[in-house]
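S.K.: Chains A and B, in that order, give the protein sequences.
Position 2 of the first sequence, counting from 1, maps to 2 under this note's numbering, and the rest follow consecutively.
Position 190 of the second sequence, counting from 1, maps to 190 under this note's numbering, and the rest follow consecutively.
You can take every hint at face value.
Put simply, identical chains are the same to the list, so a pair is met inside one copy or across any two.
Quick list of in silico lysine to any residue cross-link-like pairs, SDA-like style, CA-CA up to 20 Å:
(1) 16 / 321
(2) 334 / 215
(3) 217 / 102
(4) 98 / 201
(5) 16 / 189
(6) 214 / 102
(7) 16 / 207
(8) 171 / 275
Derived by calculation from the structure, the hints in this document are not laboratory data.
There are 2 protein chains.
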Amino acid sequence: MLECLMPELRQNPITKEWVIIATERAQRPEDFAPIKIEETAPAINHCPFCEGNEQITPHEILAYRTYGTQADTPGWWIRIIPNKFPALVPQGNIQRVKQEEFFRFMDGVGEHEVIIESPKHNVSIATMEQKQVEEIFLAYRERYITLSQDPRFEMVMIFKNHGAAAGTSVKHPHSQVIATPITPLHLRHLIDETLRFFDDNGECVFCVAIQKEKMFKERIVFETDNFLAFVPFAASSPFETMVLPKKHDSSFQSTPPERTRELAFAMKTVLAKMHKSLKDPDYNFVIRSAPCHEKDLEYYHWHIQIFPRVSAVAGFELGSGIYINTVIPENAAKFLCEA
Amino acid sequence: MLECLMPELRQNPITKEWVIIATERAQRPEDFAPIKIEETAPAINHCPFCEGNEQITPHEILAYRTYGTQADTPGWWIRIIPNKFPALVPQGNIQRVKQEEFFRFMDGVGEHEVIIESPKHNVSIATMEQKQVEEIFLAYRERYITLSQDPRFEMVMIFKNHGAAAGTSVKHPHSQVIATPITPLHLRHLIDETLRFFDDNGECVFCVAIQKEKMFKERIVFETDNFLAFVPFAASSPFETMVLPKKHDSSFQSTPPERTRELAFAMKTVLAKMHKSLKDPDYNFVIRSAPCHEKDLEYYHWHIQIFPRVSAVAGFELGSGIYINTVIPENAAKFLCEA
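All chains, please: the whole structure from these sequences, using the hints.
M.R.: The structure is reproduced here in structure tokens:
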């Protein structure tokens, strides 16, 4: 690997997807100019997520706020509200309906919430205080536990869109939670592959990946006692980073509070490294847990994926599902690690 | 369906993936402002794809040119050259290599070609003459036939990136071909689903989709004797359009020349409708044929997908594989149809 300038195909050992590491078109990591789309965010004093503007949002679902302050007023440091333009809504029927025995559809039943990460407008996880990041992750955990107990929901997904190229229209720091009444094929295929690996090898493929990454060391970005952050061997895009609990666990929501604080520290550190080295890139992160009602799976392992949005998805990726990554994962890890 | 303002989940009857049709956040089709990223394309007189600049590109593989004119000189109307920054290269070994019995990789063996669609810089398929579009599609066919005969290649993918938001860095109209030594999981999963449908129903799922779309009519964008263009029932993004041969065929390359000209007419008409109604949107299209050496499959049906890039892919899509489409497919089809 690596030594020659030839492109290389690498197979993701977890998903079995092939990616192209195209070294001939590789840029040096420091040459990356983040993709920036013109922002159309409202001015700060009209921002619905800023402290003092609680009246222009839907009623809060949950807030971490000073004792004695009232809901939908200032005094909070984390505030969770329904998304004003929800992708899915709590009302409706989860029965599938068929039209002409061919088209299958159902009501868009689910939950879509916004987690406002700070009363302040111009901060981000990379730059805010550690304590605040811990509160964000504790809020994630709390909503995850609550929503995953709803028997109608099969998947709860927590995700963050940072910047316009990552698909956000509101600049104020926030994350989102969507609970869906279906398990998507994407997740089902991933779980099927991990089950097949387990049946073949008697081990969780993510646990084996942790062992191998610790043996090779060259793709590790950051490590704490209980979490490992690394650029995957077959990363699909430049600087993609995976954050995993070292101890096997299939569900994010079973992470105890103390460990959730440690996760927040690991995430903040990795995002701060990206912020510094890639000049505040737009990014997404997603928490990928097992389906809500599939508990204690010995073959699946929850994890977080961070995708800095520094390259475009074009026709080849859309048509083939093969991603072209122009930064060698080992180089990406070294660059982030040294930041 | 449709009548209420509630969001809806629809399952793609071909792939089995669910998408969210989020009508509460729906925009009217005419409100779509295409995503535009600042272009960094070279000035015309430095464009490597313009007539007269043949010397600054790699040697041509094939050109449709006036009798008597020499290779790598003016006189051509279609010119095919190796990509100067190839994702895959013709040299190398197609053997898989394993490292530590866990990481699998191989040389990036393949082909990566550029099909220059016109000697002129400022044209596009939507605006050029019909005759020229026919020549482009005949060139696609010719390269497809040649590359798919190479025993090392499992997939040949022809695709087009139009505009910076669709991932192109060169403005001069061009398409690309990549031949890969592997069948990607994405295509394998699709074929598996079509096979399952065939085993259950004894019919090709695409052939059934054609019958159903012709019965309902409301999602049809354009139709010729042998091709049908429609917005899929569970389109993953606004104005996504599928173009299918009506007669069952699993491989693009078996389309005879006369029918290829008819396909060019159908494609030009659909792209011209998008150009007019969506104000020259950036877009990708991909030709999705069966793997090269899997011939005459009765369960798979080649097709073209066109993706106008008018919405962003964000964290939820990356994490779940569930796409949120804010334009109801029936409305998208009506809007395109009337253009």
